[in-house]
Amino acid sequence: MPFQLNINRKPRTVDAAEDTPLLWVLRDELDMKGTKYGCGIGLCGACTVLMDGTAIRSCLTPVSAVTGNITTIEGLGENGKLHALQQAWIDLDVAQCGYCQGGQILSAASLLALHPKPTDAEIEEAMTGNICRCATYNRIKAAIHQAAGSPAETKGEVHAGE
Amino acid sequence: MPASETFAQFDADMQALIAEVETISPPVAMMGRRSFLKLATFAGGGLVLAFRLDTRAALAEDSSEADASNLNAFVRVTPENTVILYSKGPEIGQGIKTAFGLIIAEELDADWNTVKVDQAPINSKVYGYQGAGGSTSIPRAWDQLRQAGATARAMLIAAAAKEWKVPVSECSAAASVVTHTPSGRKLSYGALAKAASAQPVPDPTKVQLKSRAEYKLLGKRFTGVDNLKVVTGQPLFGIDVQMPGMLYANYIMCPAVGGKVKSANLDEIKKMPGVVDAFVLDGTGTPAEVMPGVAVIAKSTWEAFKAKAALKVDWDESSASKDSLTQAAIKAKEIGAQMPAPANNVGDVDTAFGSAAKVVEASYDYAMVSHQQLEPQNSTAWWHDGIMEIWTPTQQADRGLAMVAKMLNLPDEKVTVHQMRAGGGFGRRLANDYMCEAAAIAMKVNAPVKLQWKREDDFAHDFFRAGGYHFLKGAVDKTGKLSAIQNHLVSFSADGSRPVSGGARSNNSFPTDMAPNVRYAVSLMPLQIPCGPWRAPTDNVQMFVAGSFLHELSVAAGRDHVEFLLEWFARPLAKSEGPPPDPSRSYNASRAAGVLKMAAEKSGWGKKLPSGRGLGIAFSCAYGGHVAETVELSVDAQKHVTVHKIIVVADIGPVINMSGAENQAQGGAIDALSTAMGLEIEAEQGRIKQTNFTGYPILRMPSAPPVDVHFIQSDFRPAGLGEPCVPPLAAALGNAIFAATGERVRTMPFKRAGYTI
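Protein sequences appear in the order of chains A and B. Take the first sequence: its position 141, counting from 1, is numbered 141 in full-length UniProt numbering, and each next residue is one higher. Take the second sequence: its position 355, counting from 1, is numbered 355 in full-length UniProt numbering, and each next residue is one higher.
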């Protein structure tokens, strides 16, 4: 059946069974591949999108339950400009395989909307639902601090050696 | 072939694959031109072949930059001065696309800001080895890529010299521009490309390569070449493939490996909304290709998943796995108590034990674990015009291509494989089962079809890291030196005669020259659950055992552990049989001492720590990397562990991309921490109990400690870095827990001993 959605500031009409998770509507119906399938039960965070600015798990959200405006990783930047988080992710070379990072960035965007200058503890709490199998957690934390302009409390260092 | 023989054959194939992946042919730079051509007759092996470098036809299919000129199969330059470099290997998160680009660009003297790195087509005749395993991508390709860059640079300079009618010796290149030094005239690579492509290809073994001091790019920090696409959600991964008219599939196999389809409610499934077809595949019977099962084909992924949920299959489990890992653990303890006739015997172990100052006996074990790369397995396949075309996130596209061709009885030329970025590998994607399944399904579907596994499929049908059991006895003599070691490994076997893939004794962790007196033996228990390579195979578990037990011995002898290890590093080493080992890949006492000393210094080894706090250290040489790691942690009364800091010191030769290298070292250490603390696969009746992340607590951000990374750079050929930082962590962790609590953890995951993180 048809559903009216607002995705990345644009109205979209999709035809899908009402129990279809938003994840698969985005990926299969709308050909937007930035939102990733990881576990299908809301445990890994790869499918994170924003609904009215708050992080939700699109794999657990049936299309019929979408009540607000959706922002995906493709639409986080506006007017051709990267979001500060995206820029920090590039500057700090956060990604390894990169598969989880769209979801990580959107969870971080949801955090910054509530806590513009988050502490380490606030970052850890907000990001605990997002698995990075490559374990880039230190860089994710540093990138959130950089985007927010808040000082990093702990950080791994690197040295070029002798 | 009976099912048990097929399964044994599968494991043998997997072991051959690992051996092939981990073996590197001698570096080409060490050979003359004659042997160069002679060796060209060998398939694969990562050899750099002169005539391959000028195989311009390789990229003829790439028409994206029609005006661009190919200088060789790795380098293409557009008239607008964009340098397009081809990465021949799979990007699985190890940063190879960026590293390969940097190596070529360094010798090419390309302006990195105008470099674009693209994925090379899969064609082993042109590129040689195109897999990613055993941390060998960099060492295998090091000479080949440098020569590709240097020969292209020589051709660009030659073209400029010809244009200016000046000697080549008066010209130099930097940042994609050739300069005639006496006159100051300049020409960009873009302006020279067409003429350069008509220049003869210089002998790659004779072009001058840069010394480390001359590097302009290598060793500095670079962000990944695809990071913009990653952070804006552009399609990159296998799962992102979309084709017009594409259908979606899932494949349902018996939860106990080896089960066959007796019957299934296919008629019911075919009536479901969005379902296009459902059919049984007999498969080839090997887990590395296609096991028997049911394919469901639908118009969307969700409809395919709903069909999977509604599917009822009656399995014939007469040949299926009945394995119980709890029973295996009980049996291992019985077997372990009886030391069988040793496979390796050096010196006189019994006499050494008899005259020892201290003798320590201990048993260690570790659980089976799973890979769980975050992108579930998938492949898109399209059978059209007599060609099987496949898009896949594999670690072994070249190998997979040949497997599919053989399975479908097609010549290799009729199979095209497109390498997609992989959302993690960790060794799981060295197997190409999902690629074979997609191809087998596509033969029966008149459209492009994307096979999509569920997370639950990735748990049920992995090639697991085998568990194992070690029964150890060690002795320290009156001078405080390790004098004897006995290691009885109880492992698993698919064929009854040799350990499963990943289950053999590691000669890095337990070398035959570990002590003057050595006795090693392996006992085997049957297992019909597929096992395979998991990030740093064998060493990721056996370095835990070896590194912990060495600490037990130094503690028993009342020695400082760093001093004990430094003395142990300097022991006499056995002469290896056969050709001399590659010096950049093998154990080197001075490199070992270098990283250990620096780790001790950076961690403040010997400092006084408050009660409940401990510092542990361990060393490993595996996959060409010498790595020492320290863990500093606190343990509370409930055995909750807080890791304050991990320090990684690695000698992997020269660092290619400092940013990528640091990321691999941090990720490797934290992955090892995650696995050591909490990860375990259980199995009963051949069925894997864990089905999703609920029962498999991969470490999350609140438990991730800071990781300091230090590199000792050297002129050895570089090692890869996907694996070397994994093995030492678990022993450093256990040694730190011992320092903090006095309790020795001899089991992985540590949660079995009550520890949480």
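Calculated from the structure, these hints are not laboratory results. Values in this document were obtained by computation on a predicted structure and should not be read as measured data. Each hint should be verified, as a subset may be incorrect.
[Stated by the list, open to error] Footprint (simulated), chain A over chain B, 3 or more residues, beta carbon under 8 Å:
1) 2-9
2) 186-198
3) 214-225
4) 236-242
5) 335-343
6) 697-707
C-beta atoms are modelled at their ideal positions from N, C-alpha and C, and glycine is treated no differently.
Evaluation of the provided hints:
no.: 1; hint: 2-9; verdict: violated (count 0)
no.: 2; hint: 186-198; verdict: violated (count 0)
no.: 3; hint: 214-225; verdict: holds (count 5)
no.: 4; hint: 236-242; verdict: holds (count 5)
no.: 5; hint: 335-343; verdict: violated (count 0)
no.: 6; hint: 697-707; verdict: holds (count 8)
In summary, the structure is inconsistent with hints 1, 2, 5 from the numbered list given earlier, while agreeing with the others.
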